[in-house]
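So the sequence lines, in the order shown, correspond to chains A and B.
The first sequence begins at 4 in the numbering used here and counts up one residue at a time.
The second sequence begins at 87 in the numbering used here and counts up one residue at a time.
One or more of the hints may lead you astray.
Simulated restraints, written as ranges between beta carbons of each label pair [what the hints assert, rightly or not]: (1) B:Ala269 x A:Pro17: 31 to 41 Å; (2) A:Pro17 x B:Ile263: 38 to 48 Å; (3) B:Pro152 x A:Leu24: 48 to 58 Å; (4) B:Ala134 x A:Gly132: 27 to 37 Å; (5) A:Ile16 x B:Leu188: 29 to 39 Å; (6) A:Gly387 x B:Leu146: 49 to 59 Å; (7) B:Ala134 x A:Arg153: 48 to 58 Å; (8) A:Asp119 x B:Tyr132: 35 to 45 Å; (9) B:Ile263 x A:Thr340: 57 to 67 Å; (10) A:Leu24 x B:Ala269: 52 to 62 Å; (11) B:Leu188 x A:Ser347: 19 to 29 Å; (12) A:His334 x B:Leu277: 52 to 62 Å; (13) B:Tyr270 x A:Ile427: 38 to 48 Å; (14) A:Leu24 x B:Ile184: 25 to 35 Å.
Just so you know, the hints here were simulated from the structure itself, not pulled from any lab data.
Keep in mind it's a predicted model, so treat the numbers as computed, not measured.
Glycine included, each C-beta is placed from N, C-alpha and C at the ideal position.
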Amino acid sequence: MLRYIGKRILQMIPTVFGVILITFVLFNIVGGSPAQQVLGPHAQADTLESFDEQRGFNKPLFIGTRTTTRAYADSDFERSAGDWQQQNGAVWTNGTLILAAGGEYALPVKFTLRTDCDYELEIEGRAAGFPMFGENQLKLSKDWKKISLRFRSLPALSDAKGGVEGEKIVPGGAPVEIRSIKLRRMMSNPFDSQFMFYLNRLAHLDFGVSYSTNQRVSKMLLDGIGPSLMLTVPVFFVGLITSVMLSLFCAFWRDTWVDRFFVIFSVALMSVNYLVWIVGGQYLLGFKLGWFPVWGFEDPRYLILPVLIGVFSGLGAELRFYRTIMLDEAHRDYVRTAQAKGVSRLGVLFKHVLKNAMIPIITNTVIAIPFLYTGSLLLESFFGIPGLGYLGINAINSSDVDVVRAIVLVGSIIFVIANLLTDICYALVDPRVKLK
Amino acid sequence: MSEKGNSLWSDAWRRLKKNRLAMICLGVVVFYTALALYGEVVYRYYQAKDQTAFYQKTDLNQAYQPPSSKHWMGTDALGRDVTQRLIQGTRIAYKVGIITALIAIPIGVFFGCLAGYFGGRVDSFVVWLYSTVASMPGLLFILAIAMVVGRGLLGIYLGIGLTTWVGLCRLIRGEVIKHKEQAYVMAAKALGLSWPRILFRHILPNVFHVIIVTFTLRFPAAVSTEVFMSFLGIGVVSEPSWGVMINSARMRLWQGVWWEMTFVTLAIFGLVLAFNLLGDALRDALDPRLRTEGN
Numbered sequence: 004m005l006r007y008i009g010k011r012i013l014q015m016i017p018t019v020f021g022v023i024l025i026t027f028v029l030f031n032i033v034g035g036s037p038a039q040q041v042l043g044p045h046a047q048a049d050t051l052e053s054f055d056e057q058r059g060f061n062k063p064l065f066i067g068t069r070t071t072t073r074a075y076a077d078s079d080f081e082r083s084a085g086d087w088q089q090q091n092g093a094v095w096t097n098g099t100l101i102l103a104a105g106g107e108y109a110l111p112v113k114f115t116l117r118t119d120c121d122y123e124l125e126i127e128g129r130a131a132g133f134p135m136f137g138e139n140q141l142k143l144s145k146d147w148k149k150i151s152l153r154f155r156s157l158p159a160l161s162d163a164k165g166g167v168e169g170e171k172i173v174p175g176g177a178p179v180e181i182r183s184i185k186l187r188r189m190m191s192n193p194f195d196s197q198f199m200f201y202l203n204r205l206a207h208l209d210f211g212v213s214y215s216t217n218q219r220v221s222k223m224l225l226d227g228i229g230p231s232l233m234l235t236v237p238v239f240f241v242g243l244i245t246s247v248m249l250s251l252f253c254a255f256w257r258d259t260w261v262d263r264f265f266v267i268f269s270v271a272l273m274s275v276n277y278l279v280w281i282v283g284g285q286y287l288l289g290f291k292l293g294w295f296p297v298w299g300f301e302d303p304r305y306l307i308l309p310v311l312i313g314v315f316s317g318l319g320a321e322l323r324f325y326r327t328i329m330l331d332e333a334h335r336d337y338v339r340t341a342q343a344k345g346v347s348r349l350g351v352l353f354k355h356v357l358k359n360a361m362i363p364i365i366t367n368t369v370i371a372i373p374f375l376y377t378g379s380l381l382l383e384s385f386f387g388i389p390g391l392g393y394l395g396i397n398a399i400n401s402s403d404v405d406v407v408r409a410i411v412l413v414g415s416i417i418f419v420i421a422n423l424l425t426d427i428c429y430a431l432v433d434p435r436v437k438l439k
Numbered sequence: 087m088s089e090k091g092n093s094l095w096s097d098a099w100r101r102l103k104k105n106r107l108a109m110i111c112l113g114v115v116v117f118y119t120a121l122a123l124y125g126e127v128v129y130r131y132y133q134a135k136d137q138t139a140f141y142q143k144t145d146l147n148q149a150y151q152p153p154s155s156k157h158w159m160g161t162d163a164l165g166r167d168v169t170q171r172l173i174q175g176t177r178i179a180y181k182v183g184i185i186t187a188l189i190a191i192p193i194g195v196f197f198g199c200l201a202g203y204f205g206g207r208v209d210s211f212v213v214w215l216y217s218t219v220a221s222m223p224g225l226l227f228i229l230a231i232a233m234v235v236g237r238g239l240l241g242i243y244l245g246i247g248l249t250t251w252v253g254l255c256r257l258i259r260g261e262v263i264k265h266k267e268q269a270y271v272m273a274a275k276a277l278g279l280s281w282p283r284i285l286f287r288h289i290l291p292n293v294f295h296v297i298i299v300t301f302t303l304r305f306p307a308a309v310s311t312e313v314f315m316s317f318l319g320i321g322v323v324s325e326p327s328w329g330v331m332i333n334s335a336r337m338r339l340w341q342g343v344w345w346e347m348t349f350v351t352l353a354i355f356g357l358v359l360a361f362n363l364l365g366d367a368l369r370d371a372l373d374p375r376l377r378t379e380g381n
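Using the sequences provided together with the hints, build the complete structure.
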């Protein structure tokens, strides 16, 4: 048994890793840094950079020795002079930037570069003379070529004009023609990546800080679980009991109009959109009849209507599922045997069929448990229940990536764990499972 | 596949024709499809002419007209004809249903086929992939994808398409594993046919009914998800999607403007119900296991 459990836990690790990888790919690679979105279009580059620094967005994705910096956007002089427009003496023509001989041209960085790490400057250009960049020689020749140069910024040398002494291009005797310039920050440790940063934070159970509320995400999650469970647990149990009872009903009266009615009824229930249940319920029961409060979360009375709606909206699918299970069991040999020895129909149903049907019912039940945690997105946001679903919808509406990511991640990890528990329970109940 | 004789398809069609409820549902589906096509033509026409379509034109003097012979389903808060907007909603629902299927079904079929046919490491990888995706919390994951990709139809397509292939993948994998051991596959292997040919020309047609049933049953689910997303303001924004319509009708319902809400609700209900019942009937008609038991 222990070996089986150990094996199952080992099997769980790739899935957990996969879940972490998917959230990383989705939010870091596809989504990218949300700094601009959060801080607005007019935010200064150094504010954006420190936002990224805090959340690890200014590192290479998985592994790498160089990373982009917001101090200098890659300039390709194909279309315009870009940040070089304000530089005296720099002329842009036809896809090249020409720095006239004899001048000094400071790299137009948006904020002073860090002094604790190296930078790499990549220039594609040509020059007839011996151009310099600070103290270093730019090894450009008469033919177009790409060169790169490593340097470290020195704070002491910064002058009044904002340009730094060490970061100036000095063409020397002949003009320099440039097609593109890139600036990269060098990483001292190539494994110091966004992915490692993410894993490291997860290892510390740190989900970051919400942009919109400035609270710790882990605290927000903990605060939200209570109200979510208060809504989903009753929905879950009432729904389970009702649908199992109704499915037994169907099995008892199978192939009669009662059964047929419930089949059509369940498909019809399934086809009613969730929104309709909510809007209709709020309007009819809450507003017209005034039986329940429409919105809020103050005392248990506020939970009755959402629970009712939750049960109803899920009933169709569950009833159909359990009915199939019951009918499957009702055709088994042991049922015939029981009937033959004279057990009453009700007795067969409750003592024999229900017991045997418990296994698929339990599976279905355990698998549903993780969804209790995320709560019901729609019910919570409509009835103003401050649970995780409400939190999730709000976070999505305000593009609060850290919160959304944390809810998605924790939800899926709970799912994986619940799966594991189901399998272990199974193995305990049914020894054949271990052999597979 | 030959049409004469007792091929799976002609046989299934014969069985389906006997099921009166399924035929009614098929009629309803055809009706909705025609509406969607009409909506698409209208939409394209106004797009080509670069004009505001008539279902988008606001006329505040006509606001909140109850159903009449001029406006069969009344008008909304901005005086737009509900009937026409409903038809546009059908167009969007169909687009979502079809495009998400075009994303999800090839992914599911491809991975399912490979995993079932090759087994071993390929299978382990595919199982890992789908169990990982299946662990993500449903609607929230879809919304998160849509948030990252950006609001609008593209977010909806990708969100729903990239998350709903798991069920089909599992089914196809199981079917292919079953078929792999059968005589006709052995014969094809003995003839020295390449694996893509065996897999996609010989096995795939035999498991195709699974794809059809899945398509029919996931269509209403995709439409419902789109309605949620648009309702929450994460999906369609400026076009008359059903979700957008429910959202705008919701407030007015309290003041007695019942028609927009009622008709949108009925339209969704009809579409989803017809597809669900048709999918069930198709499954009964196409599933060979039930066929041997039934007759």
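Evaluated hints:
A beta carbon spacing of about 36 Å between B:Ala269 and A:Pro17 agrees with the range 31 to 41 Å that was offered as a hint. For the pair A:Pro17 and B:Ile263, the beta carbons lie near 21 Å from each other, so the given range of 38 to 48 Å is not met. In this structure the hint that B:Pro152 and A:Leu24 lie 48 to 58 Å apart at CB holds, the actual value being about 55 Å. For the pair B:Ala134 and A:Gly132, the beta carbons lie near 59 Å from each other, so the given range of 27 to 37 Å is not met.
At roughly 34 Å, the beta carbons of A:Ile16 and B:Leu188 sit within the given window of 29 to 39 Å. The hint said 49 to 59 Å for the Cβ distance between A:Gly387 and B:Leu146, and at roughly 32 Å that hint is violated. Distance hint check: the CB atoms of B:Ala134 and A:Arg153 are about 56 Å apart, consistent with the given range 48 to 58 Å. As the Cβ distance of A:Asp119 to B:Tyr132 is approximately 59 Å, the hint placing it in 35 to 45 Å is violated.
Taken as a hint, the range 57 to 67 Å is violated for the pair B:Ile263 and A:Thr340, whose Cβ atoms sit roughly 34 Å apart. As the Cβ distance of A:Leu24 to B:Ala269 is approximately 41 Å, the hint placing it in 52 to 62 Å is violated. At about 54 Å, the beta-carbon gap between B:Leu188 and A:Ser347 misses the expected band of 19 to 29 Å. In this structure the supplied range 52 to 62 Å is violated for A:His334 paired with B:Leu277, their Cβ-Cβ distance being about 42 Å.
Separation of B:Tyr270 from A:Ile427 is about 41 Å and conforms to the stated range, judged on CB atoms against 38 to 48 Å. For the hinted restraint 25 to 35 Å between A:Leu24 and B:Ile184, the CB-CB distance of approximately 30 Å keeps it satisfied.
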